[in-house]
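Each chain is listed here by its residues.
Protein chains: 4
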Amino acid sequence: MNQTKVTLLGAGFIADIHLESYRRFIPEAEVVAIYTRKPEKAEAMAKKHHIAGWFADLDEAIEQSGCDVVDVCLPNFLHARAVTAAARAHKHVIIEKPLCMNLEEAGNMIDLCKANHCKLMYAEELCFAPKYERVRRVVNEGAVGKIFQLRQCEKHSGPHSDWFYNIEQSGGGAVMDMGCHGLGWFRWMLGPNVKPVSVYAHMASIYHSARTKAEDNSLIIVEFDTGAIGVAENSWAKQGGMDDRIEVYGTGGVVYADLFVGNSALTYSEKGYGYAMEKAGSTQGWSFTVFEEAFNQGYPHELKHFIECVREDKQPVVTGEDGRAVMELMLAAYESAGTGRRVPLPFRPSVKKPIDLWLGR
Amino acid sequence: MNQTKVTLLGAGFIADIHLESYRRFIPEAEVVAIYTRKPEKAEAMAKKHHIAGWFADLDEAIEQSGCDVVDVCLPNFLHARAVTAAARAHKHVIIEKPLCMNLEEAGNMIDLCKANHCKLMYAEELCFAPKYERVRRVVNEGAVGKIFQLRQCEKHSGPHSDWFYNIEQSGGGAVMDMGCHGLGWFRWMLGPNVKPVSVYAHMASIYHSARTKAEDNSLIIVEFDTGAIGVAENSWAKQGGMDDRIEVYGTGGVVYADLFVGNSALTYSEKGYGYAMEKAGSTQGWSFTVFEEAFNQGYPHELKHFIECVREDKQPVVTGEDGRAVMELMLAAYESAGTGRRVPLPFRPSVKKPIDLWLGR
Amino acid sequence: MNQTKVTLLGAGFIADIHLESYRRFIPEAEVVAIYTRKPEKAEAMAKKHHIAGWFADLDEAIEQSGCDVVDVCLPNFLHARAVTAAARAHKHVIIEKPLCMNLEEAGNMIDLCKANHCKLMYAEELCFAPKYERVRRVVNEGAVGKIFQLRQCEKHSGPHSDWFYNIEQSGGGAVMDMGCHGLGWFRWMLGPNVKPVSVYAHMASIYHSARTKAEDNSLIIVEFDTGAIGVAENSWAKQGGMDDRIEVYGTGGVVYADLFVGNSALTYSEKGYGYAMEKAGSTQGWSFTVFEEAFNQGYPHELKHFIECVREDKQPVVTGEDGRAVMELMLAAYESAGTGRRVPLPFRPSVKKPIDLWLGR
Amino acid sequence: MNQTKVTLLGAGFIADIHLESYRRFIPEAEVVAIYTRKPEKAEAMAKKHHIAGWFADLDEAIEQSGCDVVDVCLPNFLHARAVTAAARAHKHVIIEKPLCMNLEEAGNMIDLCKANHCKLMYAEELCFAPKYERVRRVVNEGAVGKIFQLRQCEKHSGPHSDWFYNIEQSGGGAVMDMGCHGLGWFRWMLGPNVKPVSVYAHMASIYHSARTKAEDNSLIIVEFDTGAIGVAENSWAKQGGMDDRIEVYGTGGVVYADLFVGNSALTYSEKGYGYAMEKAGSTQGWSFTVFEEAFNQGYPHELKHFIECVREDKQPVVTGEDGRAVMELMLAAYESAGTGRRVPLPFRPSVKKPIDLWLGR
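As given, the protein sequences belong to chains A, B, C and D, one line each in that order. Going by this note's numbering, the first sequence opens with residue 1, and the numbers climb by one from there. Going by this note's numbering, the second sequence opens with residue 1, and the numbers climb by one from there. Going by this note's numbering, the third sequence opens with residue 1, and the numbers climb by one from there. Going by this note's numbering, the fourth sequence opens with residue 1, and the numbers climb by one from there.
These are calculated hints, taken from the structure and not from any lab test. Small disclaimer: the values here were computed from a predicted structure and weren't measured. For glycine and all other residues, C-beta sits at the position ideal for the given N, C-alpha and C. There's no promise every hint is true.
[As the list claims (entries may be wrong)] In the DSS-like style, the derived pairs of lysine-lysine whose C-alpha atoms are separated by at most 25 angstroms in a straight line are: (1) Lys114(A) to Lys5(A); (2) Lys279(D) to Lys271(A); (3) Lys195(C) to Lys114(C); (4) Lys146(C) to Lys271(D); (5) Lys146(C) to Lys279(A).
[As the list claims (entries may be wrong)] Partial list, computed: chain A residues near chain C (C-beta under 7 angstroms): (6) Phe148; (7) Ala204; (8) Ile221; (9) Ile229; (10) Lys238; (11) Thr251; (12) Gly253; (13) Arg342.
All chains, full assembly: derive it from the sequences and hints.
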């Protein structure tokens, strides 16, 4: 088999998950190189994952690694820069969420990829998480009638990496980090013919106010033209490990699903043990012991789909356009949180970063 | 990549699961041929799964397909016959549980494979089910101290295929079909240095007495030389879909895990939908909607391990010897259910099939 | 023991629950009479519950029954009328939620009771539901640090009685019926020193639009002066039986509790059985079988507290003032749903009924 | 109301639960006196619970307190002594489980109560626990067809009081303490016409071997004449708080119910809080926060029934004869654990205490 060559940009939490996914589940891809800013870290990562190449220079990593695909797992503020470089080098792009920092960047990225005949594949893994996809399929079979309300939650006590807390690098807090999941998933569940018409949001700084100006707790309501609403609750202020849940309410039924607690073994340990789940804290006493975390969140399914799109020249099910649409919803959410008003769509402000719309008030 | 060639014998429920596992998760293997007794069924299966070869003759399938590995997914009474043919043709063997019909067959299979330098790989998927393996790993880290009790349940309303109900072909009912899982898993959890010392069992014919002489409800207690006990509850008489659960009790904690209900989305559907889980029955009203059933039961992990053992000439973690040890425990269980007595081990009766020890009384 | 005499006004679903609560759990009270508009229904109810007196005239029921307390379980539009009559007759009043139809009525009821030295006890049972009260107490012990978000849900497929669907009699739909619970519970959890500062709400007519002009699905966000928010999701459009849940998010932890599904036995029944839970529909297949429904919702605890307040001349923990404060929040919610804007508090519109603020737009 | 007068013997864990139950839920009874061996403890308990009389002499407590009913909450070895004294004084008797230490005592107690026209009411609270009673009622409605298997578990890390660990005072360990619940509940579920035919048991000393000779982990299988089996798992060796669960398997369905974890709020607390549930240990991290523990275990329902039987001269639903039948099953269990054999019933050995049949081997 002729493997598709991938260069991975980044060496953080999400990069590790992508690397595990490629190695275990996607034999048709080969990660040929890693880029990270600090040379010694790039080398260590490459050695750990048996990857031949490592680079401390972004452009060299893209141009000299011989890759077909660039997988961008960098801090948000570097997304546009990385995609631009990849597209100019005629590489297909997998881009971790959120797409970028603002709509102008989004437009440029999309246009440039199009002009260079590169696929811009937007890595929203909730469109691939197998439990949630199972839910989507039974809903599409008509199991719950017509959807009138969706709920998505992703909550934990905050990311490890520093850049998330630097709003110049992240563009925002829990919404930029997790809110994008819910907003993307609402669109995915409702399909391309259902349009959002307004956004209302509440944001607050609860738990990390000493560390960041960004919101660490958020609630977003998106109203769609069918009358359905999506409620996204995302937080960096929730103790006790990751919570990732959805609820689908239809006129003929309801579905509840839960990726972490609801998939776990339930353990009581007097002495504790190594690891329970993402951000779980102590493992003494009761804990929820997850398994196959990457798989259950859909990363292998996602990346396999993207590699297949490259190999067979197919249209990805989530693209830069989806990332841009989510960006618009996030901007509207920050605007709403800042003004206290429901924001009608379309909403296309010209700001450097989304959180300015909240902090600016 | 040079793929390992597999010929799959059988075309039932479990054959389908193996084929899905190979196709989606094990690119290093290629299923080159299928055998099933009825030519038209073999052809249909081969076409459905894009498999080049199909055979209605067992020996031809093994000898003429060009395979490296024979994967036996046949009714129990054909296991020894198939393994013998495979070993004589110098093929490695993956054998679905239970190993065979009696200890004599087991010994012959093991010896013949050894003599022909073929691996005999015993497909006990609970040793690979990722949630249960996660539990085993935290237990091995010391999370719950020293194990003093294990519980395993697998319960549903009975298999679909007719041969399970014909004791000449199955050798027994719920114990031969599912009890083997618990007995194998107890040994796996406790490790090779812990020996079973006695077996007590209760069996009954509850729900399928019109269709089979076999037991369709069972409870087995295995006592080990550490004082730990394993309790296996297995049933073909439980309504409402599959239940597969474990409990691990240690001096310093406890773990509960659940492969089906505990991994599912929870759905209420007025109209119903296509499929909830194995043997679930109606999907109207509340149902437990499972996802990635094959993966969550560990079939891909299991078969990937076996293919790796062949490719890298490694010792499989579960072998014919394990299958034989489980067979001895099952024989002791039938003896106990027949006599009402606890049966000390070793127990090596000479019977044609296990259930004779119960029905013979 | 000298029993406190209660006259119960009403003969619907909630009246039955009150009667069960008095009979089983509150020996210090005696229900001496029932009032309902249709004489034959009043008589039947009185006989069923072994109650000596029955009346088809409201004023006679209050004045001639010899009661100390009037317990008002009538449709919303009759609340003010009944309380007025009770207060004039110098009877203490237990008033089912919501307090009444508008703020003017609320003020009059409160003033009149005060003038006549009658207690006006507002029956918000979530302040008494023992699981939720247990949660409140551990939260007050500091178990989760400082509250920053509360969530309350009450969802089912809609009430049985016709008057709920007649907005002239109900004043509104799911919000008037259930939203009051969440709004009252937020205030109860946060305590008297925390003040609401704004309300945002979304309402829709989803499932019962042929039967009523009222909203049957709602989402309300209340912002408090501590920065905490309360999210109330209440619905008459959710299939599969009652759902009643709370979530408490604090800076040092989180609590989830669930009164129906989370307290139930889990049953699979091929043939079905009589009753699973409130509004559950079919009991065939899987169902959640609740027990002690009235007790688990706190009705006995609530009514016992009110009777004790009467007997010992204590101040009830929930009063007409609380009911009025909830009414103000509900009015703000309807206003917000009507205008699409966040409504700052205080908000004291002069309308005949809350839903006018939504329907009027 | 003329209250029925109760003298309570004992001042331990269960005495407290009875006192709470009387006080909150059974106004038709008045606890007039408490007996406990140490005068200062008796006085303290009486003061705490506002009970007028307290005694440090058993006979005086019974004879001089003016009671109608004696409620025996003493260590097992004092049961026969207390019941004898009560019957001779013509008092009705509520006797906590297990009935006594052996069959001879049981026979004497039953005979003496009969001769003195005293009711001997056997306090098996699982016959009253409201969730389990709800299950029994839906099963009796036919919800699960014909029962073929029952499972009962009660597991925690061991009682607090010393006498439980002294086999001369307790007569045995986890079986005498908890096994009696399962054995009593099996009989209750199956009804008076279904007879047990054999018992098999496994017992072990796992966790408390330094403190007691008694078994602290047990598994009992009772076979009934319908072919149904009951599986009782009871343990003092399970960490993480109380577990109390039942499973009912029938030919047409299944029911699972759970009194502690399955009724709890789920709490994550960084700092911890006062109390989660019986024997729960630390409340830091995740914990299951139960509520209304006494009520949910059925103590108020049980004691209310017994008081009603006294007041209305009714036959209690569980009597000394039931306690004796459970004693016979426990004796057979110890015999089976001692001999490794299934014990046929009837089994009426003459031993001083049940555990002798296990330890004597």
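To see whether the hints hold, each was checked on the structure:
Distance hint between Lys114(A) and Lys5(A) is fulfilled; the C-alpha atoms sit about 21 angstroms from each other, no more than 25 angstroms. Of the pairs offered as hints, the one joining Lys279(D) and Lys271(A) holds, with about 17 angstroms between alpha carbons and a cut-off of 25 angstroms not exceeded. Only pairs whose Cα atoms come within 25 angstroms are accepted, and Lys195(C) paired with Lys114(C) is accepted, the gap being roughly 24 angstroms. Note on Lys146(C) and Lys271(D): the hinted pairing holds, with a Cα-Cα distance of about 12 angstroms set against a maximum of 25 angstroms.
A hinted pair counts as satisfied when its Cα atoms are at most 25 angstroms apart, and Lys146(C) with Lys279(A) qualifies at roughly 20 angstroms. A distance limit of 7 angstroms between C-beta atoms decides the matter here; for Phe148(A) the minimum to chain C is near 5 angstroms, and the interface restraint holds. Look at Ala204(A): its Cβ gets to within about 6 angstroms of chain C, closer than 7 angstroms, so that hint holds up. Interface hint status for Ile221(A): upheld, as the beta-carbon distance to the closest one in chain C is roughly 6 angstroms, under 7 angstroms.
Given hint, Ile229(A) at the interface with chain C, holds; its Cβ is 6 angstroms from that chain's nearest Cβ, closer than 7 angstroms. Using the Cβ-Cβ criterion of 7 angstroms, the hint placing Lys238(A) at the interface with chain C is satisfied: the shortest such distance is roughly 6 angstroms. With its C-beta approaching chain C no nearer than about 6 angstroms, Thr251(A) sits inside the 7 angstroms limit, and its interface hint holds. Using the Cβ-Cβ criterion of 7 angstroms, the hint placing Gly253(A) at the interface with chain C is satisfied: the shortest such distance is roughly 5 angstroms.
Taking 7 angstroms as the C-beta contact cut-off toward chain C, the hint placing Arg342(A) at the interface holds, the least distance being around 5 angstroms.
Violated hints are absent here; each numbered hint is respected by the structure.
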